[in-house]
Structures are given as structure tokens and as C-alpha cells.
Amino acid sequence: MQNFSSINMKAGINTIPLGSVPEDTAIALYKAMLRVRMIEEALISEYHPADEIRCPVHFCLGQEAVSAALSFLVKDEDYIFSHHRSHGYYLGKNAPLRALFSELYGRETGANGGKAGSQDISYSDKHFYSGAILSGATSISVGTAFALKYKKLPYAAIAGFGEGATDEGVFWETVNFAALHSLPLLLICENNYYATYSPMSKRMAVENIAQKVGAFGGKNHSVFGNDILSVYMSISNALEEIRSGGGPVFIEVFTYRNNSHVGPEDDSYIGYRSAEEMAFWKANDPIVLIEEKLGADMIARLRPGFEHDIKTEIDDAFKFAKESAFPATSDWQMLNYHPETPLADSLLKEFASGNFNQDQKDHIPGPY
Amino acid sequence: MQTQTATTREITYAQAIQEALDQAMGLCDDVIVMGQLVDYKSGIFGTTTGLVEKYGKNRVLDMPVAEAMMTSAAGGAALAGLRPVVVHQRLDFMLYSMDAIVNWISLWYFKSNGESRMPLTIRAITGKGWGQGPQHSKSFHAFFAHIPGLRVAMPSTAFDAKGLLLESILGENPTFIIEGRSLFSMKDEVPEIPYRVRFGEGKIMKSGKDVTLVAIGTFVPLAMRAAFDLLKNGIDVEVIDPRTLSPFDNALVCESVAKTGRLVVVDPGWNFSGFSAEVVAGVVEQVGSVLKANPIRVTLPDSHTPMSMSLESQYYPDEQRLSDTITKLMRQNGL
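In order, the protein sequences belong to chains B and G.
Numbering of the first sequence is given in my numbering, commencing with residue 1057 and proceeding in unit increments.
Numbering of the second sequence is given in my numbering, commencing with residue 8 and proceeding in unit increments.
Any given hint might turn out to be false.
[As the list claims (entries may be wrong)] Pair by pair, the computed Cβ-Cβ distance ranges are:
| # | chain 1 | residue 1 | chain 2 | residue 2 | range |
| --- | --- | --- | --- | --- | --- |
| 1 | B | S1292 | G | G63 | 32 to 38 Å |
| 2 | B | G1225 | G | K335 | 25 to 31 Å |
| 3 | G | Y47 | B | G1273 | 20 to 26 Å |
[Claimed, not checked] Here are the simulated EDC-like cross-link-like pairs (lysine to aspartate or glutamate), alpha carbons at most 16 Å apart as the crow flies:
| # | chain 1 | residue 1 | chain 2 | residue 2 |
| --- | --- | --- | --- | --- |
| 4 | G | K194 | B | D1418 |
| 5 | G | K213 | G | E262 |
| 6 | G | K194 | B | D1415 |
| 7 | B | K1208 | G | D36 |
| 8 | G | K210 | B | E1406 |
| 9 | G | K335 | G | D217 |
| 10 | B | K1182 | G | D36 |
| 11 | G | K299 | G | E262 |
| 12 | B | K1207 | G | D36 |
| 13 | B | K1131 | B | E1296 |
| 14 | G | K239 | B | D1415 |
| 15 | B | K1338 | B | D1353 |
| 16 | B | K1405 | G | E199 |
| 17 | B | K1205 | G | D36 |
| 18 | B | K1349 | B | E1097 |
| 19 | B | K1087 | B | D1365 |
| 20 | B | K1087 | B | E1369 |
| 21 | B | K1417 | G | D325 |
| 22 | G | K213 | B | D1415 |
| 23 | B | K1417 | G | E326 |
| 24 | B | K1417 | G | D69 |
| 25 | G | K48 | G | D36 |
[To be verified] Not everything, but these chain G residues come out facing chain B in the computed CB check (under 10 Å):
| # | residue |
| --- | --- |
| 26 | Y116 |
| 27 | G156 |
| 28 | G178 |
| 29 | D195 |
| 30 | P201 |
| 31 | W277 |
| 32 | L298 |
Treat the hints as calculated values from the structure; they're not laboratory data.
For glycine and all other residues, C-beta sits at the position ideal for the given N, C-alpha and C.
Sequences are here, hints too, so could you generate the full structure?
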């Protein structure tokens, strides 16, 4: 492990020892990260020249730790709201791979029948939602957290977003409301330092996001996001606290996006990240770090089997997606409105209105 | 339509809204009311008065001055099973939440492929008069009606205010109720029972044979006054209140124009690219050949709202201007 001083990383590159979690948990987390990694790499290699995945895709190579940790910590009844870099969170909520691939291919068997694509994908049965406008899904999550508390349910709303989302004003409105009402909300900020190409230093006077959240009254932690064990423990503790009524928790997870902002192409020609910086993060890649911890012998024993399992699953998902039909031509109105009103039907009466008396004056408001 | 007989009594538009909220909250524990100052005695011009005493602070939520989050949070709450009613004392403030409305709530059902929905109601009040000026008077109904996935109602009477609000709160789609502040003290016969007014069903407020006058929202009462005035001069106006702009009851308007051959639209919105143009287009496309004269739109000028009383009175059309317009139309030769 090397140090890299130009990255403003408050958590440092501290990692916690292997013994902090049971060994089988560490191995499961490793496999879950490897799965996300291999899925993203497979999609990248398929994207061109086939050009059958015709939607913007924000890949998450290097940012697998949060989703891997979540996949073991979330309950089906919890809600996850993801930003546009959605695949990790989708898999973190244990939604099916076939439906993800099929959605990317725009097929009727996709998670959303081809309406949404990568950056807007959702899977309602698993309470997974995403969207592209920064902080939009995060600000929705606070209302879901309110509803969970209102209904006295022991579940959490979880929002995953990048540090770019904290540039938005509505993010801070969200933090304030969650803290004010002590809502069961976990805010996970994957700080990868860049909003597309623009570094935090160009966008923020104060770069310590956790500290800013603290000023709003929210509990906050910072963690080195490429150490899966730290991320796992941090999210595990936070969810336990939230489920027991402790109110919202914000976790700032320092990590790095190894791939381009969007698409399979390399955007390094733009020159927004130095070769030295990228090399540092490659050396501190979350999969590299956990492999170092588990040891070369164990990895040599485990990895081929894991890779085989994952590749089989990926091949099946590609086949399923490519063999699925495109959606049929649509009745556009039906796509946008729910056609039935079961509750209104059961509770409201029909009543024909009488005649309005036109012999009355309009109201002129006072000063207020 | 199967109708009930029930007790009605005369109450104001504001009281009808309050009653709809009260009854919705009583009928369904998932209904919550959220908005700035909703739990004070003044109660958003009396429309939320008494609710907090009856249903508690957890269901009648005063909100931070954070309209964007408020609207998003309502969406998130609706997603998890609540039926929030978001209240904006001035519609203009709601515009901070356009991202939540346009980018998220309106398309939530669509992008989930019909798997997920956000049944929420946004009540937004449009000011008029007493120098409300350009930041307290906007209506924007044409804009909201333009967006797929939203339903938009502009009730003009206490009866419709209650029925449309109940229909919206207990319905399944995100809905805007745009309320005219100038209507709040106007009275109407309103049933005591909880009843529904369906979206997409316009109402003939006064039947007539000479000219179809489509009046929207706050301009319905003035349209009615003008219509009854014109009757004295032998001009028989049919007044139609579409009640909801999305969906819009184009069939009712076309049926009327097929009978009268003339169309006037009076709309409390800007002229250019306004809802009045949509009404005219709907008629021209369907029954244009029956028109005996060019359709006329009576709207606000293409300008922001002035404060000064003298300018305000020129800005908003009144009965006289509407009557004169219709009289002139009747004197006009056919197409």
C-alpha cells in the first residue's frame, strides 16, 4: 500500500484487520465484489462494437465495496435509492441479474420493460430505485424514511450517491429534515472526488462533507471505501443504530472510479486525473486489498471457482437479454397513468352537483 | 351516473377544502398534510384549520422552508404507502420543487413500467388582487398540464374543490389542485358526505345555444356573471367549466361548439402557448368546420403581473370585457 498526498481523503487509507469479521463473511464480501467487477467488465466489453446496449451506462469499477457490503446487510423491506451509477446498488439490493441485462438491452423482460435503462432502473419488488439527476433520489428517500417511521416499521431507507450530489441545495434540505425528525435514513456518500471531470477542490470551499453534515445535526462517519471490511462494519453499525430508532446516519466513503465517467470508452485523454493518482488507486483497488488480506494461497484456491460461477451467471444473463423480445408498440397514455382508483371507488360516493350561484363577488385577499 | 341523495348546505370554497382534507384523513390513516404553516390557527386561509387538533402533528406537518425537499419527500412517502397532501400557500414558492415534479414524480409510474406509483396531491394556491404582483400570482396550469404523468385540476366551485380533492387524495396518480385565492370565500351547495368528482369530466355550468364559453378556474364565476348579463341582451351563452385540464374533456367542448358554432375561451393564464390555445386547437381539430366565426381567447396579457391597482385592473379581464367580446363576436359575420 502506498500513500498519495494529493488526494484529500479525511479517512486516510486506514484498513481494519481481517479478524474484524468472520472469515466466511470476508470471503462472501470478496465474492460479491468480484461479481460486480466481472459483471461491469463483461458489459464494458460487450458495449462496442455490438452497440446493442443503447443507453448511457455509468460503470462502477473500483466502487464495488458499498454494494457488496449492502447485499449482506439490507433486508428485502428496506429501500435503496441509487444515483445514476446504479448497477452496484441494484445488485446490492439483490435484484435479479437477468432483468438488469435485459433492461440495458431495452427488452420487454427488462426490470422496467425497457423504459428506464441503466441510469433510471428500478426493481420495485425489491424496493430498489434509481435516477440520474443528482440528489433527486436522495431527497425522495427522506420521505420514504418518514413513512417507515410513521408506520412504525423497523426498516431503513438507504440513499447512495456521490459527493457531487452534495453540491445540490436539496441535499442539505434532506439532511436537515432527516435529522429534525430523527428518521431511519442511511446516507452513503461514495466520495470519488470528481463530479464527471470536476474535482471537489473546484466546487467546494469546505471539502469535509461529513463535518458539514454534522453541522446539520446528523451523525456522521468517514471510512476508507476501498477497504471492504471497514465499509461493511461501518454500514452494519449504522443500520443497527438506525433500526433501533437512533435516527439518520451519514457515511462518507472515500473511493475512486477506475473507469470513465460514462460509457466504456477511456476518458483519460481529457486529462482531468493524473496518471500518478490513477496508479495509486489501482494499487489500492478494493479487490486487490481484500485479496492481500485473504492471502495468495486462499485466493488461488477460491478465485477460479468464483470466476466460473459468476461467468456462468453472466453468460446466462446475456443470452436471456439478447433472446428477449423488444417491447410492443405502446398505448402512450397507459404508460403514464395508473388507470384504476380502487380506494376512491370504495370510499367515495357519486353525487351530481347543483347549480352554482353566480350572484356573488370574487374574494379580494388582504395583504397576506 | 349513480347518484346519492344526501344533505347539502352552503359552505365556502375554503371550508370545502378543509372538509375534504378532514374527511380524507378520517377515512384513511395514510393521509398526511404537509406544508409550511399548515398547523397554525390561520391554517392556509382556513383550509387546514382544526386538522392538527384532530389528527396530531405527525399527520399535519409544518415543514421547513424547503419546497424542493418537501415535494420529493412527499413522493418518497407516497412510494412507501402514505397519501401525502402537499400544500403551498403560494404556488410561486413551489417552483423550487420543479425537479421533483418534472424529473421524478411525473415519470415515476412510467419509468417503473407501471410497477410503482406515487399517489400524492399537491395543492397550490394562485393569488389575485391586492397587489400580489409577479411572485404571488402565477398559475402555470398550462405548464403542469403539459407534463405527462401529472393530473391537473382547477376547481372553480366549492362543490368541485371538495370532490376533486377527495378524488385526488384517494386516487393513484400524482395530482395538482390549482386553487384560486379569489374563490376562497365564494359559496356553493356542498354535500356533507365524502363524494368524488372524476377527472376528465367537464361540466356545463349554464346551457345556451349561441356561443360556447369555456371558462377555466378563477374565471368561471366571472364567465357566469357575463353569461347571465348577456342573456338580458338576448345572447344565450353556454358556459363550460372543464374542471380538470389533464385529462381534459375535449368531447364536451366539441359537442357544445357543434351546437353553437362559436367558441370563446377565458383563461387565467398567459395567452402565448397557453391552455386557451389547447382548447381552441382541440375544437378546430375535431369540429372546425362547424365554426361560424373565428374562436376568441380572453386571457391575461403576455406579461408578468403588476402590483399597482390601476395596472392590475387592466391586467385581469372583467365581466364587461368578456361581455363586450362576446357581443362583438355575435355581431360578426360567419367564417
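Evaluated hints:
1. For S1292 (chain B) paired with G63 (chain G), a C-beta distance near 35 Å keeps the hint of 32 to 38 Å intact.
2. Distance hint check: the CB atoms of G1225 (chain B) and K335 (chain G) are about 50 Å apart, inconsistent with the given range 25 to 31 Å.
3. Take Y47 (chain G) and G1273 (chain B): their Cβ atoms lie about 24 Å apart, and the range 20 to 26 Å holds.
4. Taken as a hint, the K194 (chain G) and D1418 (chain B) pair is honoured in the structure, with Cα atoms around 10 Å apart against an allowance of 16 Å.
5. With a C-alpha separation of about 14 Å, the suggested pair K213 (chain G) and E262 (chain G) falls inside the 16 Å cut-off, and the hint holds.
6. With a C-alpha separation of about 10 Å, the suggested pairing of K194 (chain G) with D1415 (chain B) holds against the 16 Å cut-off.
7. At most 16 Å may separate the alpha-carbon atoms for a hinted pair to count; K1208 (chain B) and D36 (chain G) meet this at roughly 13 Å.
8. Straight-line distance between C-alpha atoms of K210 (chain G) and E1406 (chain B) comes to about 15 Å, which keeps the hinted pair within the 16 Å bound.
9. For the proposed pair K335 (chain G) and D217 (chain G), the alpha carbon gap of about 13 Å is at most 16 Å, so the pair holds.
10. Among the hinted pairs, K1182 (chain B) with D36 (chain G) is inconsistent with the structure: their alpha-carbon atoms are about 25 Å apart, more than 16 Å.
11. Of the supplied pair hints, the one linking K299 (chain G) and E262 (chain G) holds, its CA atoms being roughly 15 Å apart against a limit of 16 Å.
12. Between K1207 (chain B) and D36 (chain G), the direct Cα distance comes to roughly 10 Å. Compliance with the 16 Å bound is thereby established for this hinted pair.
13. With a CA separation close to 12 Å, the supplied pair K1131 (chain B) and E1296 (chain B) stays within the 16 Å bound.
14. Taken as a hint, the K239 (chain G) and D1415 (chain B) pair is honoured in the structure, with Cα atoms around 15 Å apart against an allowance of 16 Å.
15. At most 16 Å may separate the alpha-carbon atoms for a hinted pair to count; K1338 (chain B) and D1353 (chain B) exceed this at roughly 22 Å.
16. For a cut-off of 16 Å, the pair hint linking K1405 (chain B) to E199 (chain G) stands: about 11 Å separates their Cα positions.
17. For the suggested pair K1205 (chain B) and D36 (chain G), the alpha carbons sit about 14 Å apart, so the restraint of at most 16 Å is met.
18. Between K1349 (chain B) and E1097 (chain B) the alpha-carbon distance is near 23 Å, which puts this suggested pair outside the 16 Å criterion.
19. Restraint check for K1087 (chain B) and D1365 (chain B): satisfied, since their Cα atoms lie roughly 10 Å apart, inside the 16 Å limit.
20. For a cut-off of 16 Å, the pair hint linking K1087 (chain B) to E1369 (chain B) stands: about 13 Å separates their Cα positions.
21. Restraint check for K1417 (chain B) and D325 (chain G): satisfied, since their Cα atoms lie roughly 12 Å apart, inside the 16 Å limit.
22. For the suggested pair K213 (chain G) and D1415 (chain B), the alpha carbons sit about 14 Å apart, so the restraint of at most 16 Å is met.
23. For the proposed pair K1417 (chain B) and E326 (chain G), the alpha carbon gap of about 11 Å is at most 16 Å, so the pair holds.
24. Between K1417 (chain B) and D69 (chain G) the alpha-carbon distance is near 32 Å, which puts this suggested pair outside the 16 Å criterion.
25. In summary, the hint linking K48 (chain G) to D36 (chain G) is not supported, as the alpha carbons are separated by about 22 Å, beyond the 16 Å threshold.
26. With 10 Å as the threshold, the beta carbon of Y116 (chain G) comes within range of chain B, its nearest partner Cβ sitting at about 6 Å, so the hint holds.
27. This hint holds: G156 (chain G) has a C-beta 4 Å from the nearest C-beta of chain B, less than the 10 Å allowed.
28. For G178 (chain G), the interface hint holds, the least distance from its beta-carbon to any beta-carbon of chain B being 5 Å, beneath 10 Å.
29. For D195 (chain G), the interface hint holds, since its Cβ comes within 10 Å of a Cβ in chain B; the closest pair sits about 6 Å apart.
30. Hint on P201 (chain G) holds. Least Cβ distance to chain B is approximately 6 Å, under the 10 Å limit.
31. At a threshold of 10 Å, the smallest CB-CB gap from W277 (chain G) to chain B is about 20 Å, leaving the interface hint violated.
32. Annotation: L298 (chain G) was flagged as interfacial toward chain B, and the flag is violated, the nearest CB pair being 27 Å apart, outside 10 Å.
Consistency with the previously given hints fails for numbers 2, 10, 15, 18, 24, 25, 31 and 32, ordered from lowest to highest.
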